[in-house]
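Number of protein chains: 2
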Amino acid sequence: MTEIIVSALGKIILHGEHSVVYGRSAIACSLNIRTYLKLSQTKDERVSLVFPDIDLTQSWSLEEVNSIQFSQGCEILNPNPPTEDVIKQLKKIAGSGATEINNTASIVFLYIYLSLCKNRKQGIELKVKSELPIGAGLGSSAGFSVCLSSAFLILTGNVSAPGSDNIWKSDDLELINKWAFMGETLNHGTPSGIDNSIATYGKAIKLKSGTVHKLDKIPNLRILLINTKIPRCTKDLVAGVRRKYEMYEGIITPVLNSMEAIVSRCEAVLSDMTGNHCDVTSCYKKLQDLIDMNHDLLRFLGVSHPSLESVCKTCQQYGLHCKLTGAGGGGCAFCLISPETTEETLQTVEIELKKQNFECWETSVGGNGVMCHDPACGTTSSIPDFLKTT
Amino acid sequence: MTEIIVSALGKIILHGEHSVVYGRSAIACSLNIRTYLKLSQTKDERVSLVFPDIDLTQSWSLEEVNSIQFSQGCEILNPNPPTEDVIKQLKKIAGSGATEINNTASIVFLYIYLSLCKNRKQGIELKVKSELPIGAGLGSSAGFSVCLSSAFLILTGNVSAPGSDNIWKSDDLELINKWAFMGETLNHGTPSGIDNSIATYGKAIKLKSGTVHKLDKIPNLRILLINTKIPRCTKDLVAGVRRKYEMYEGIITPVLNSMEAIVSRCEAVLSDMTGNHCDVTSCYKKLQDLIDMNHDLLRFLGVSHPSLESVCKTCQQYGLHCKLTGAGGGGCAFCLISPETTEETLQTVEIELKKQNFECWETSVGGNGVMCHDPACGTTSSIPDFLKTT
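Chains A and B supply the protein sequences, listed in that same order. For the first sequence, UniProt numbering gives the first residue as 1, with consecutive numbering after it. For the second sequence, UniProt numbering gives the first residue as 1, with consecutive numbering after it.
Hints in this document: simulated from the structure, not taken from any laboratory. Quick caveat, the model's predicted, so the values are computed rather than measured. Don't be surprised by glycine CBs; every beta carbon is placed ideally from N, CA and C. The hints are all genuine.
On the chain A side, residues computed to face chain B include the following (Cβ under 8 Å): (1) Y248; (2) G250; (3) I251; (4) N257; (5) S258; (6) A261; (7) I262; (8) R265; (9) D289; (10) M293; (11) L297; (12) F300.
So that you can see chain A by itself, here it is in the shape it has in the complex (with noise of 0.2 Å):
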């Protein structure tokens, strides 16, 4: 094999952003916005990573990343994260990039490549293309991280590639999960664990304190996704919504409970969708009713932004459904989109939107997650020109 191609999910919050910090519950769902990843193998000595959307071209020769010591040892089905005096050296020879993204993808890239092949002989080229924004909260790390993982660990034998059917065997997921979460830790710190699981298994996840059960009952969901491309601090937002809590606790703690409820109704509705027995209309009524509410409750919250507002009124004046997604403040928002919805009055509300400086992307939610795209099978069709073999 001279050729890895893989590709994982972003992913977005349904309902519960920001109630989730108190203990109530969240909706992640995979988002069809997908980071791909092309591993070759090369006849030079190095190892490079080429990532344009962050700007990131880096190449080591094996000699120099070989010579790091990883004390730790490298339990492939356990994977433990990097020590201190590890991550000290990574960045060591991840030299200095342009931007802390940049630094902090060679060294993700860097460790899962040390952990999983050290002492290769043989020579590997990545080439990565994002489809999703980098950091604005729609888990392009995590994306990025999946691909890593799941490249080596095939390349290693550790997994066994699916075929055109794209059916996982559970233990590789589960393995390739594990991997990307110490991706992420690097990227993070100490993330949730969501956005890598989402990117691994897609269809969507429910997390309260810290527990997270997966979803399977999930229909795929079109929906407009919109940037605002207001960049915006999380740890502000949450801090924000903290202070209020603080000073009206009475009045907050109901709210956080509505939101709970909404996202309980929100999964019983999910469900009926996978059913036998549903009705539609009814189903996608009840879904666009629970996004205006918790959109108006976030707002309450004061996570919302004059431009998220923009957003949601101008869908709603095409009688759109939307809310704010993540951390709020700016970002991202989406906006169902229901089988009554006409294509005419999308693409006249996407021109509306592109007019007022947003992006918009149509695309899904809840759909199925890491994918090796093999090109004997055909199932290249999809990998963006960049990522093609010429």
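Since the structure of chain A is already known, use the hints to place chain B on it.
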């Protein structure tokens, strides 16, 4: 005495509209936009009512009016609502005016007049001027009823007109309020009694499950009242919330609890503001937060309107805090004017709002109730020119 001039207040709901329907508390405040009434004794044998704001000019001969049979008797200290038979007779002689508001005003007038002044020999003329928009949920009908009852009760010697200090005997206020409630019954069928109580006593009232609790410890707060002039139907709005409640009880109930907590917190802050050790800035900040939060929860209930959102957005752009008041779906909103709001800001906001075709009043809430304007005491300065004796 040949002339009596009285005036009564309007009201706004500070917090608790809609949630009050579900057994939570509401706070209603007196609104210093008054309804004025001048009663003059005349030499003709007629009773006349001139109320230009509703295009009403009616006149009846004393003979015609006195022909109505009050089979129920007439206990001045314990008024009873009119019987069906009396209402029928009143409707007959009230005639058919151009509008329902018009007819009802005549009926209320005739009922209170006959109950208190039946068989008087001297003619009277009543001129009424309401500075409140009629039918906008600001208690204009209660203001009219309070003016009628206080004027007739003074005329007949059943209550004593207060001096220039405007301090009424509490029994007198109680009696005025009882008669005003009769007027409201003719107007609204089964009124809550809030509007007439506020118009009579001023200050504020807390209502919960039908129980009225007077709030005397409240400061005079400056507000900007904004009328969107969008007509709305309270009944439909209440029914819309009911449907939502029935569909999503688990989600709506905690929000109603949050609204209850907003009312409690507001009551506590208002009480603090009348104390000696009040941090004015901090109290206003809290009142502003409560206004913002409650508006978002009302929006969540689905009772906002694009016009109300425009009002709030415009106010927010100038750092002011605004919520809808009353049933929503159009109607009125108010904006708190804090000591830190500059006159320049206020003027700019008003210009912006008027550009959008909204009506604005700079006024106050929490003031005293019914007033008697005694020309001898020079308290007539504030009364409208229309009522001044030439």
